[in-house]
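With the hints as extra help, turn the sequences into a complete structure.
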Amino acid sequence: MNISEYKGVMVFAEQRSGQVQKIAYELLGVGRRIADTLGEPLVALLVGSGVTDAQAKDLIAQGADEVLIADDPALAVYMTEPYAKAMTLAIETRKPGIVFTGATTIGRDLAPRVSARVRTGLTADCTGLEVEDGTRNLLMTRPAFGGNIMATIICPEHRPQMSTVRPGVMRKLERDDSRTGTVKRLGLKIEAADKNVEILEAVVEKAAKKSIEEASVLVSGGRGLGTPENFEKLNGVAAELGGLVSASRAVVDAGWVGQDRQVGQTGKTVRPDVYIACGISGMIQHIAGMEDSEFIVAVNKNAGAPIFEYSDIGIVTDVNKLVPALVEELRAVKAAG
Amino acid sequence: MNIVVCMKQVPDTTEVKIDPVTGTLIREGIPSIINPDDKSGLEAALVLKERVGAKVTVLSMGPPQADLALREALAMGADEAVLLSDRAFGGADTWATSTTIAAALRKLGFDLIICGRQAIDGDTAQVGPQIAEHLSLPQVSYVSELELAGDSVVVKRTFEDGYQRIKVKLPCLLTTLKDMNSPRYMSVAGIFDAYKKDVQVWGLADIVVDEANIGLKGSPTRVKKSFTKGAKSAGKVYEVDPKEGARIIVEALKEKFVI
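Taken in order, these protein sequences are the chains called Y and W. Each step along the first sequence adds one to the number in my numbering, with nothing skipped, and position 313 is 313. Each step along the second sequence adds one to the number in my numbering, with nothing skipped, and position 190 is 190.
Since the hints were derived computationally from the structure, they do not count as laboratory data. A quick note: this is a predicted structure, and the numbers were derived from the prediction, not measured. One thing to keep in mind: the hints can contain errors.
List of simulated lysine-lysine pairs, BS3-like, C-alpha gap at most 27 Å [as the list claims (entries may be wrong)]:
1. Y/Lys-172 - Y/Lys-57
2. Y/Lys-7 - W/Lys-224
3. W/Lys-197 - Y/Lys-233
4. Y/Lys-57 - Y/Lys-184
5. Y/Lys-210 - Y/Lys-334
6. W/Lys-254 - Y/Lys-233
7. Y/Lys-321 - W/Lys-256
8. W/Lys-169 - W/Lys-107
9. W/Lys-178 - Y/Lys-268
10. W/Lys-169 - Y/Lys-189
11. Y/Lys-268 - W/Lys-169
12. Y/Lys-7 - Y/Lys-22
13. Y/Lys-301 - W/Lys-236
14. W/Lys-256 - W/Lys-225
15. W/Lys-256 - Y/Lys-268
16. Y/Lys-334 - W/Lys-236
17. W/Lys-254 - Y/Lys-334
18. W/Lys-243 - Y/Lys-334
19. Y/Lys-172 - Y/Lys-210
20. Y/Lys-321 - W/Lys-236
21. Y/Lys-7 - Y/Lys-195
22. W/Lys-197 - W/Lys-55
Short, incomplete list of chain W residues facing chain Y, as computed with Cβ under 10 Å [to be verified]:
23. Glu-133
24. Asp-241
25. Lys-254
All C-beta atoms, glycine included, are put in the ideal place defined by N, C-alpha and C.
Here it is, written out as structure tokens:
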């Protein structure tokens with residue numbers, strides 16, 4: 001393999017039901033930074049059915065220099081083999097040095113299949129991506145051992161350097177409609193034999209029914225909320241942040257919420273990007289279940305509550321007055337765009 | 001029907017601790033377990049065996065002590081066990097691991113291959129799909145329900161925002177989620193049987209594979225460094241009115257790109 005032939009950063013612009021997903025923009029954000037560091041172009045690969053020019057333009061406005069489109073009726077709904085064929089063709093014809101895919105349930109199915117096919121390395125669930133000075137290799141950093149340890153991985157002798165990128169970690173760019181770029185359609189033909197599975201039923205659930213271990217944002221309530229009605233109001237905050245509501249043991253024991261939402265030693269261990277503890281004092285059994293959260297916010301009226309020793313930001317105030325104020329503030333931010 | 005369940009012996013990561021001085025993992029005294037997603041895959045295979053009759057083989061790659069995980073699988077009801085263990089396989093990344101396991105699967109023969117979605121020590125979810133590619137098999141990952149339908153299986157494949165019901169012809173490869181079932185315990189009779197049965201140990205000489213594609217030298221990726229995240233200290237505490245508190249939180253979330 002002549003690795004100097006491989007140039008540019010390619011990102012997989014994941015779409016579902018024709019909607020380009022948030023992760024695609026996040027990949028364009030990190031891809032732009034890496035491409036600029038290398039002085040190479042940023043390519044977006046959009047795979048789907050009935051892909052429009054407007055969608056391609058949108059990807060350019062979000063950072064892409066080139067958009068590659070694989071368009072076929074068989075690509076409307078994600079299926080491993082047809083998508084793997086599309087991505088492999090894109091890699092073989094465009095020869096990118098780097099390929100980013102979202103670490104979603106689609107990306108984590110597709111990327112390993114393709115990496116095995118093109119005989120290159122793949123690093124899963126990256127949370128840090130940099131270019132190494134000198135070698136210009138991609139440094140891919142990821143958590144391992146349940147987040148207890150971080151590892152930086154390189155792929156020095158194979159191209160492209162592939163990684164899946166954890167959703168919610170990278171920042172998308174400000175949209176810029178004056179950006180220009182090229183759009184190319186791949187001459188891809190999906191054969192009947194490529195459709196080696198049959199989708200009998202595809203169900204999209206409006207509210208993703210995730211477990212609290214999978215949520216990237218948790219709004220967690222404790223006894224300090226006082227009543228089940230006050231606990232209920234945490235749902236408003238969770239909804240604004242696209243997260244879930246979780247709880248301390250006291251709240252679960254009181255029957256305000258089901259046990260599947262309990263965080264702590266006898267409940268679940270969670271590690272969300274954001275954990276907002278509302279009216280939770282922070283007994284050690286609770287701390288054991290959430291202390292590895294990326295960013296911890298605690299709200300409690302007792303300034304001496306142990307939870308403040310583990311939080312990144314602590315607010316000493318009446319939590320039941322803060323919750324509605326927080327919902328209002330979040331809505332105001334959203335409305336401002 | 002021949003079902004092969006691929007499984008990994010892993011340290012129970014919920015008990016893994018970091019040495020605060022060296023910053024390395026403390027492995028001593030950490031119990032080893034069958035990786036949870038794999039164990040549910042085994043349970044699903046055993047249920048199929050009971051319903052329709054099947055031979056269930058468990059396959060693992062690892063050091064000699066991974067034998068214990070395979071014996072546990074035998075005690076749960078698996079019929080045969082194979083351990084891929086050879087220094088030549090060591091230091092493999094997912095590409096080289098999947099190449100090695102695929103070679104063993106070719107030798108074993110199979111109608112259905114079940115892998116756990118991902119192992120709790122590495123969390124990559126890559127080896128299953130990569131094995132499927134090496135063997136040119138259809139794959140379905142994130143499987144939470146499984147039933148046999150003639151010469152096919154019908155599975156429920158979960159996504160973040162829903163699910164698909166997928167029919168796929170055998171032979172194929174599935175990756176299973178731990179939530180799909182509650183794996184049975186070993187039975188007393190099973191434990192006795194497990195020690196009567198042999199765990200076959202296969203080395204490099206027992207499989208057909210290009211040496212350039214296995215172990216550390218067959219691995220496209222390398223670990224450049226590993227480190228622990230710095231211990232966290234208490235952050236800032238504000239004694240403010242609720243409205244100001246809400247504003248402070250929103251500002252912080254903006255900085256963290258959550259909103």
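Mind listing which of the numbered hints don't hold for this structure, in increasing order? Hint check: 3, 11 and 21 fail, others pass.
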